[in-house]
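J.: Read off the chains here:
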Amino acid sequence: MNGSYDCIIIGAGSVGVPAAMSMAESGLKVRVIDELYSPGQMNNKKAIGGIRATHSEYGKIQIGLRSIQIFSTWKEMYGDDIGWLSNGYSFPAYNDADEIKLNDLMIIQHKFGLNIRWISAQEYSELVPGINMEGLRGAAYSPEDGSASPLKAISAFYFRSLEMGAEYGFGETVTGFRTQGDRITHVITNKGVWACGHVVNAAGNNAREIGALADIEIPVKPDNHEGAITEPVQRFFGPMVVDMRPADDSLNYYFYQNDEGQVIFCITPDPPIYGVDNDSTSYFFPQVAKRMIQLYPRLAYLKVRRSWRGQYPNTPDGFPVVGRTRDYPNFINLAGMCGQGFMLGPGFGELATRIVSGDMNDNDDQILERFDLYRDFSGMEMFK
Amino acid sequence: MSQDYRIKEHPILPVNVDDIIVFYWNKQPLRAKRDEMISSALIANGFHVFSRHHRDGSAQGIFCANGQCSKCMVIANGVPVKSCMTPVRENMVVETADGLPELPESFPKITLHDIPEHVCDVLIIGGGPAGLSAALELARFDVSTLIVDDKHVPGGKLVLQTHKFFGSVEDSHAGARGIEIGELLAEQVLSHDCLTVWTDSTVVFVFKDKKVGVLREGRYHLVTPRIVLNAAGAREKFLRFHGNTLPGVYGAGAFQTLVNRDMVRSSNRLFIIGGGNVGLIAGYHALQAGIDVVGLAEALAQCGGYKVHADKLKRLGVPIYTRHTILSANGEERVESVTIAEVNDRFEPVAGSEKTFMCDTLLIAVGLESIDEFTSEAEQAGLPVFSSGDANEIAEASSAMFNGRIAGLRVAAALGKTTDTIPEEWFEKADILKAPPGKTVTQTFSPKRNGVYPVIHCLQEIPCNPCSTVCPTHSIHLEGDPVMGIPEYTGTCTGCGKCVAICPGLAITLVDYRKNQDEPLVTIPYEVSNHRVKKGDIVHCVDIDGNALADVSVVNVRTLKKARMQLIVVQVPAEIAQRVVSFRIQHEDVSKPIDKPVIPAGKNDNLMVCLCERVTAGDIRALVKKGIHDINMIKAVTRAGMGPCGSKNCDNLIRRIFREEGIPIETIVPGTRRPLYVETTLGILGGAEMNNIDNEKETMQ
Chain A
0 MNGSYDCIII GAGSVGVPAA MSMAESGLKV RVIDELYSPG QMNNKKAIGG
50 IRATHSEYGK IQIGLRSIQI FSTWKEMYGD DIGWLSNGYS FPAYNDADEI
100 KLNDLMIIQH KFGLNIRWIS AQEYSELVPG INMEGLRGAA YSPEDGSASP
150 LKAISAFYFR SLEMGAEYGF GETVTGFRTQ GDRITHVITN KGVWACGHVV
200 NAAGNNAREI GALADIEIPV KPDNHEGAIT EPVQRFFGPM VVDMRPADDS
250 LNYYFYQNDE GQVIFCITPD PPIYGVDNDS TSYFFPQVAK RMIQLYPRLA
300 YLKVRRSWRG QYPNTPDGFP VVGRTRDYPN FINLAGMCGQ GFMLGPGFGE
350 LATRIVSGDM NDNDDQILER FDLYRDFSGM EMFK
Chain B
0 MSQDYRIKEH PILPVNVDDI IVFYWNKQPL RAKRDEMISS ALIANGFHVF
50 SRHHRDGSAQ GIFCANGQCS KCMVIANGVP VKSCMTPVRE NMVVETADGL
100 PELPESFPKI TLHDIPEHVC DVLIIGGGPA GLSAALELAR FDVSTLIVDD
150 KHVPGGKLVL QTHKFFGSVE DSHAGARGIE IGELLAEQVL SHDCLTVWTD
200 STVVFVFKDK KVGVLREGRY HLVTPRIVLN AAGAREKFLR FHGNTLPGVY
250 GAGAFQTLVN RDMVRSSNRL FIIGGGNVGL IAGYHALQAG IDVVGLAEAL
300 AQCGGYKVHA DKLKRLGVPI YTRHTILSAN GEERVESVTI AEVNDRFEPV
350 AGSEKTFMCD TLLIAVGLES IDEFTSEAEQ AGLPVFSSGD ANEIAEASSA
400 MFNGRIAGLR VAAALGKTTD TIPEEWFEKA DILKAPPGKT VTQTFSPKRN
450 GVYPVIHCLQ EIPCNPCSTV CPTHSIHLEG DPVMGIPEYT GTCTGCGKCV
500 AICPGLAITL VDYRKNQDEP LVTIPYEVSN HRVKKGDIVH CVDIDGNALA
550 DVSVVNVRTL KKARMQLIVV QVPAEIAQRV VSFRIQHEDV SKPIDKPVIP
600 AGKNDNLMVC LCERVTAGDI RALVKKGIHD INMIKAVTRA GMGPCGSKNC
650 DNLIRRIFRE EGIPIETIVP GTRRPLYVET TLGILGGAEM NNIDNEKETM
700 Q
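Chains as they are written, first to last, in numbering that gives the first Met the number 0: chain A, 0 to 383; chain B, 0 to 700.
For reference, chain B alone in the conformation it holds in the complex (with noise of 0.2 Å):
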């Protein structure tokens, strides 16, 4: 038997007792869980490599983990599947998809059923945060809804979300986890007669007929709904460099769907691209899985991501390399190390600052972009449509829940059910949440060397409030603006701890000179119990921007069961009090680059634009300086987009090779989507139920 690699110790997250059952990879028996994805019972054994490219047999691992690429293709009972949307059964066989995949020489008897077809008022795509929340105004006026979501409960990528989360308490429920949220909306919507919920459901066109194809549990449905709101969210963008292809590359929300859905352990040595939430997030996610981050390399100057998420990471012991790109991802068959590099101001690597660190998996997390084809097909069918949240305008999940409640009411108005106008503070709020953090300013330590009080080590503006509206003394407030404002202590404190346990940005500590003037207890929010601190223990005490301030013992620790947390305390010296915030967790060791740094060999424009087809930036570049500006001829000479994604991922990267060679936007011919949004097989499309490979096997015979 192979390794074990599932999580088996979470700070936030349940770890259920499994129901095992056994099935076999390459003849091998291996261990599964039962009904987890093929995909995430691979990973669990240490498995990463599914597939070899039909082009150029080079090894391809998970991608998306949501089943829009096909890259983690791999024969089931001898059927080609996506291991990510197959789950894995007792006995099943499984092996790697070498090449292009055979189709079964024997076929089964298969029933072909009608399509079942459902009419409804509303059809919302995407159960997250801003699809529930509309839902959950429809509700109100009694309109038949349908929600559509590809995941297995409603809450989209909510219940992925381990951290607690920003915005008002009022609002939007901040202090509160992700999932907790996620739970909360869901409970809620499921509660209402008029509202149902389709998991485990994608959308896969709106045709012109004013239906919308649904791929649901292996069956096709076609929805006719008098009204879509798309509240699809949105997907990541990849990038180019040297090694993007390899197993171990892939994006953040994948990442989170192995790690925080499937708790398995995808990795034991992770390098982050990206310093906005979504990858300050994830290297969070991954300290709390037991992962070793071993860094984040950022373009810009300063991480575009909260600063307190940023903080976080940084003072549990992960290094934060801003300006700086990624050169390559270096392996054979599996991500081996990553080689980034420092930028100048072109944002063009200088040669000599190249780093070199071990590893074996790199999230790619630069950036979302809206999912808006539902919307432009709604359009272009004539059939009414709304669209919110992320695929709308990319913006935190706080802001989605106001855009979403904007969305259903107009949807309401839109149908006739309501006159109500919306009302102006849900634009005003939804503005704010959704608003990117503000100006930082320099911390200030108080010179009271008695008495107990809270230390803030938020910096910067953004959207949360908790703090000020947890304390009962009223001692919190928040500076200029009650949401975005900088908080800020002045008043009594009675040392309750409430703001330290409530902030998401883990940025508050409580010092307490009360027994001891000289040698305080400092109190530190702490969520990543999975590296056990015990009363005794010495800890490595840092500052905000995780430099090291002194070796402390723990003289205690409360364990929060509710929130899911705990309460370190420590005693330090007074003149360090105020400036320590945690400690560090992770060894120094983890992050250290390798003495010298693997430089990636050849030419830039071999790296490779559209992973599915295998089409380079030369391949690309040659065209455009052709003078080729019609994305589509594009796809048609090189094959780049026809691949299952899709162009899901190289449309971008495409864009930019016409932005390197000074082609104006606005003469680009965009490509044209199509059908399907995923790949299905014909057999669902023509009326069969295909969601279980193994059954379907036993009438064959």
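Bound-form chain A, shown alone (with noise of 0.2 Å):
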């Protein structure tokens, strides 16, 4: 055996690295295992940095907010910069469907304190200039959204959970477990045996294959996304735009442009392409561009300068899987992000630290119920 902690997280990526950093925080001795190299190398680098709280339901608004609290703090606290932005995030509409359902939802999210507000069409073109005003119904904001880099946020949180006395183990990979009883009591990797008080899935795309080595079926699908980003001009739009109108091959894309003035997009192919490939199609480009130009023509002059391909971990009813499981109790899941691991990891990972130090409260239940592996998976998110 080659170490023994409270707990072991597999997966170093938007989810395992704020809940290890929260968790060496507490005081837990942590460790954190993963096949690639560095923190964020899977998808946690792919994402396009957009965090929001504006979510359909309870648990994620919660942990919406929460993640807000803590990258929106970032700097003040600790000094690095995260490229939080608080931009805001918009939705427009350009027909009936559009403005109902982000009007009905919006009686949710005002239920839950949030902040979001149908604005019309001419205020919306003040926030984003030269917006297709051709049909626009107005949008739905919300300026308390934001965004942040993945890459700086990562490594942020990755240092400081090295400063608490965190541990890694990269090139690393998991190959079972060693079970006694209903506890998971060793994690065996391809470099050692590891014992462990708890166990948190956090393996992001693998998390299936990990639970599979307990025997626990966690439903978690990942499907591929392409996305991009631009060279930096000034900033001449605010919030994240969500187009959510589908088109022939394609349902929503989005785009915001970051702290470093450089517009970062996203597309969701139809139907899915499930599986992990993170090679580039040549049909992204055409598809999202012609899109995006046709929303907002003066995107046409930016030039694109890099492209990437990562995955959502799905799940059936689009919300994450958090929690422990039946079978061995000190196996947690903070699987099945379904593409929203960055913006609500910092908040999933201090949920974790409570789950796994027993210092739950009544509101975390409340959380949790919607999360649980357990659900019935038939329903879906309202606004994935």
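Simulated from the structure, these hints should not be mistaken for laboratory data.
There's no promise every hint is true.
Pairs of lysine to aspartate or glutamate, DMTMM-like flavour, derived with a Cα cap of 25 Å [unchecked claim]:
(1) B:K209 / A:D222
(2) B:K625 / A:D80
(3) B:K207 / A:D248
(4) A:K74 / B:D55
(5) B:K108 / A:E125
(6) B:K624 / A:D248
(7) B:K624 / B:E659
(8) B:K7 / B:E89
(9) B:K625 / A:E34
(10) A:K100 / A:E143
(11) B:K624 / A:E166
(12) B:K624 / A:E162
(13) B:K625 / A:D79
(14) B:K595 / B:E332
(15) B:K561 / B:E169
(16) B:K624 / A:D80
(17) B:K207 / A:E75
(18) B:K209 / A:D258
(19) A:K190 / B:E665
(20) A:K151 / B:E353
(21) B:K625 / A:E24
(22) B:K207 / A:E143
(23) B:K560 / B:E8
(24) A:K383 / A:E166
(25) B:K108 / A:E24
(26) B:K625 / A:E166
(27) B:K209 / A:D276
(28) B:K447 / B:E574
(29) B:K209 / A:D248
(30) B:K433 / B:E478
(31) B:K602 / B:E347
(32) B:K207 / A:D247
(33) B:K7 / B:D17
(34) B:K602 / B:D208
(35) B:K108 / A:E166
(36) A:K220 / B:D344
(37) B:K209 / A:D278
Both chains are sitting in their own frames, so use the hints and assemble them into the complex.
T.: Structure, rendered in structure tokens:
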């Protein structure tokens, strides 16, 4: 045996790293294991960087609000610039159905105290100067949502977690678990055997495979999405723009201008392309560029710098899988983030710490209800 | 109006009568050649600072001249563009890009078309010597082949080479100039119906669905080939030194583009770092363009390039400083001087040995590396791929022509078009022609003081044989190897001078005692006719190393029009006749260091590694010292490699820091390469045609 830990986190990504940071801060002895060679090398670095609390459901809203707090106060608390921008999210509506859907959703969101409001087409064109006004009904706008750099943020969380005593095993692959009764006692990897009080499955794309090593079925199925980033220019529009309208071969797409002045964008292919394939396709650029330019003609002059492909570790109903498992109560899932691991990671990280240290409160129980592994997965998140 | 820095006279290249238009630079009206790139128009008017970096406000100018780096960004008719890739238009309003550019507020109704798709058997990326030679083989089997090249004409770097090529006459057109070989290959390629050439076109990526994205004259195309042949060539390595961000610091490739393609005198006084063939030839091209070459520094004890190239520079008056390195490019807005220093055995600069030279341009020519990304992308996509030329292995163009032919035949075989085996001699020739220089011998002189005979000043084994094939009496033989051997004259000489005229190294003179045994005539080959020499002039004759021999008078000047050179005949005392190789054209004062060297201030860790994002050696070293061996993590934390060039320049410099810190290369996790190869507007990727900023402006109103 190579060492003993309060918690072993599998996956040094958007979720695992802030979880490790939070656990180490609370005095837990924690080790993070990742098969790649640095933090955030799977999907963290593919994330667009949007951070919102304006979801459709209590748990995600709560986790989102806490995450925003952590991102937005990071610089002031620890000094590193993680590229936080309080630029808000916006959902322009060009048809009745979207206008109604967004306004209905706002009723729920207001109930949970979120700052989101309907703005007129005119107001919207001041936030996004040059947006296509033809048929624009207005937009849902949430000014307190924001964005940060996934790369800078995870690096900051990583270095902070190291300072707090977290340990990392990179280039290390989990091959199995040792169990005793209903407890996972050891994590076995290609590099050693680690004794543990708890195991956190924050393996993103591989969450299902990690679960399978303990005979736990976790319904996570990644699908592929491509994203890209442009050259930096002076700030010319405010919020994240999410165009919800489906098209022939794609669902929504979204873009925003980050703190460097670069526009980052991403599109959801339809039908989904399941699997894990990080190679870029030839159809992404024409597909997304046509739609973006149609919506916002000004973008045509912007030079695209780089593109990439990553995955949304999806669940059947679009909600994460978080919490203890029945077979092994010390096996905790922080999985199935459905493409929102970056924005939800810090909040879920703290929740995981409370689970591990037995510090849960009533609110946590309420949050976890929706994310239960044993729920009925037949519904669908309204505002994915 | 500003000064005119166009090349008005060139010994090799034709100087065309220009169609002149007017454009505006920061409100000042300037003259430009119609359709030339904005960058060249600005340089032709003496402007070198194009933009100010958004991180530190420092001046930026031309760097790659090839659309890869974005350092030359300007605002043209309100739109931020790469000035090296955007043609200047009548009345175009061009302005400095000061920090982050603004996206224009008004926007056009651009039309988005479907992306044109094309199918071919073979896509050849790069229309240089390797790509064109491969295409010619494919044409023998009528294989439908598309050749994509980012230059205005096919021929690759050949079309920028004004010097005569080495190699062998029968196999690789030795003795012909690069431009002539390029034209010849291009002409042959264009004569085949199955071969299509796209010029001004850049491959941006080989996608996983086996389609290749190509940017062609402002439109985006997708090509589906059955096989890819990567003949994209090489890129230049960059260096870390004080002032490496200054306008006026760039590579030899960019320099050749400016001087030999665009015919602008981008510099008045040039200093070169690197004594390989690339650096040596760039120096020679500069002299032909009327640019003073202040000096050349090489870190090793001997130049890595051919001795004949180095000798040509030395005897025209360019000093070569071996065992010297660059310490700094000095200046505020542009290179004003350069400081070099001697190095010790560990290649560290020796304090007290610093020398500073006034110059306005510093060329970095310290080696090439293969552009191999298209190969790995195609492999990743499962698309059969071959590579040839510099994209496969860095070597001379003459060798690239052979390994291009080999690759062409291999591709034809892979397509099932031929079962021919590749001739063994092609491999041998490709091998011989890429050979680095071999041994150097000491020159011996003939005691003979009568008749006429050639004196051969070619003392190093290089793959070159035109002299031995051109002699009508077969009196020049290569010792040992028929291509690599050192030429020797034995036999009879008719005094025809063909060997003098054909030698690519300009390393043969003819000594003629027939009229005057005490003061024989010496015929000297001369290719810098822009430095005029006429009958009766007194010239400063020099030996092979550029040492002064005597001031003598020119008795005859013969111009060989077709060969684009001159034969200068001087009369010299018999005792030095065989040692006279040439005469100095550049005055010694040009190369004098200033009295007090400029010693760069500041720590070495402040030196810039990632120019795009302004990341220093210290930033990177700090992470390496923390145990980070993953270049992706270095990128995530520092942004090194996230700029427009996509780590093309900094990757090597980052690896060097690992080496300095004693990190074994095999433990370094390489950075992931992603599309796009060059930045491209969203409009173009969406199907718009956007090659003409001016036309788009019209649609805006």
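J.: Hint by hint, say whether it matches the structure.
T.: Here is how each hint holds up against the structure:
The hinted pair formed by B:K209 and A:D222 meets the criterion: a straight-line CA distance of about 20 Å does not exceed 25 Å. Proposed proximity of B:K625 and A:D80 is supported: the alpha carbons are some 19 Å apart, at most 25 Å. At roughly 18 Å between alpha-carbon atoms, B:K207 and A:D248 fall within 25 Å of each other, so this suggested pair holds. This hinted pair checks out: A:K74 and B:D55 have alpha carbons roughly 22 Å apart, not beyond 25 Å.
Distance restraint check for B:K108 and A:E125: the Cα-Cα separation of roughly 20 Å lies within the 25 Å cut-off, and the hinted pair is therefore satisfied. Under the criterion of a C-alpha separation no larger than 25 Å, the hint pairing B:K624 with A:D248 is inconsistent with the structure, at around 48 Å. Taking the CA atoms of B:K624 and B:E659, the gap is about 11 Å. The hint holds against a cut of 25 Å. In summary, the hint linking B:K7 to B:E89 is supported, as the alpha carbons are separated by about 22 Å, within the 25 Å threshold.
Among the hinted pairs, B:K625 with A:E34 is consistent with the structure: their alpha-carbon atoms are about 20 Å apart, no more than 25 Å. Proposed proximity of A:K100 and A:E143 is supported: the alpha carbons are some 21 Å apart, at most 25 Å. Of the pairs offered as hints, the one joining B:K624 and A:E166 holds, with about 18 Å between alpha carbons and a cut-off of 25 Å not exceeded. For the hint pairing B:K624 with A:E162, the CA-to-CA distance comes to about 16 Å; that is within 25 Å, so the pair holds.
Only pairs whose Cα atoms come within 25 Å are accepted, and B:K625 paired with A:D79 is accepted, the gap being roughly 17 Å. The straight-line distance between the Cα atoms of B:K595 and B:E332 is roughly 21 Å, inside the 25 Å bound, and the hint therefore holds. Annotation: proposed proximity of B:K561 to B:E169 holds, straight-line Cα distance about 19 Å (limit 25 Å). Note on B:K624 and A:D80: the hinted pairing holds, with a Cα-Cα distance of about 22 Å set against a maximum of 25 Å.
A threshold of 25 Å between alpha carbons decides the hint, and for B:K207 with A:E75 the separation of about 43 Å lies outside it, so the pair is violated. Our distance criterion of 25 Å between C-alpha atoms is broken by B:K209 and A:D258, whose separation comes to about 35 Å. Using a Cα cut-off of 25 Å, the hinted pair A:K190 and B:E665 holds, with the two alpha carbons roughly 19 Å apart. This hinted pair does not check out: A:K151 and B:E353 have alpha carbons roughly 41 Å apart, beyond 25 Å.
Of the supplied pair hints, the one linking B:K625 and A:E24 holds, its CA atoms being roughly 21 Å apart against a limit of 25 Å. Our distance criterion of 25 Å between C-alpha atoms is broken by B:K207 and A:E143, whose separation comes to about 39 Å. A C-alpha spacing of about 15 Å is found between B:K560 and B:E8, which places the hinted pair at or below 25 Å, so the restraint holds. Using a Cα cut-off of 25 Å, the hinted pair A:K383 and A:E166 is violated, with the two alpha carbons roughly 34 Å apart.
Only pairs whose Cα atoms come within 25 Å are accepted, and B:K108 paired with A:E24 is rejected, the gap being roughly 55 Å. A C-alpha spacing of about 14 Å is found between B:K625 and A:E166, which places the hinted pair at or below 25 Å, so the restraint holds. A hinted pair counts as satisfied when its Cα atoms are at most 25 Å apart, and B:K209 with A:D276 qualifies at roughly 14 Å. Between B:K447 and B:E574 the CA atoms are separated by roughly 11 Å; this keeps the pair inside 25 Å, and the hint holds.
Our distance criterion of 25 Å between C-alpha atoms is met by B:K209 and A:D248, whose separation comes to about 20 Å. With a CA separation close to 19 Å, the supplied pair B:K433 and B:E478 stays within the 25 Å bound. Proximity of B:K602 to B:E347 is assessed by CA-CA distance (about 15 Å); at most 25 Å being required, the pair is judged to hold. This hinted pair checks out: B:K207 and A:D247 have alpha carbons roughly 22 Å apart, not beyond 25 Å.
Between B:K7 and B:D17, the direct Cα distance comes to roughly 11 Å. Compliance with the 25 Å bound is thereby established for this hinted pair. Under the criterion of a C-alpha separation no larger than 25 Å, the hint pairing B:K602 with B:D208 is inconsistent with the structure, at around 48 Å. For the proposed pair B:K108 and A:E166, the alpha carbon gap of about 55 Å is over 25 Å, so the pair is violated. Using a Cα cut-off of 25 Å, the hinted pair A:K220 and B:D344 is violated, with the two alpha carbons roughly 59 Å apart.
Among the hinted pairs, B:K209 with A:D278 is consistent with the structure: their alpha-carbon atoms are about 11 Å apart, no more than 25 Å.
In this structure, the earlier hints numbered 6, 17, 18, 20, 22, 24, 25, 34, 35, 36 are contradicted, and the remaining ones agree with it.
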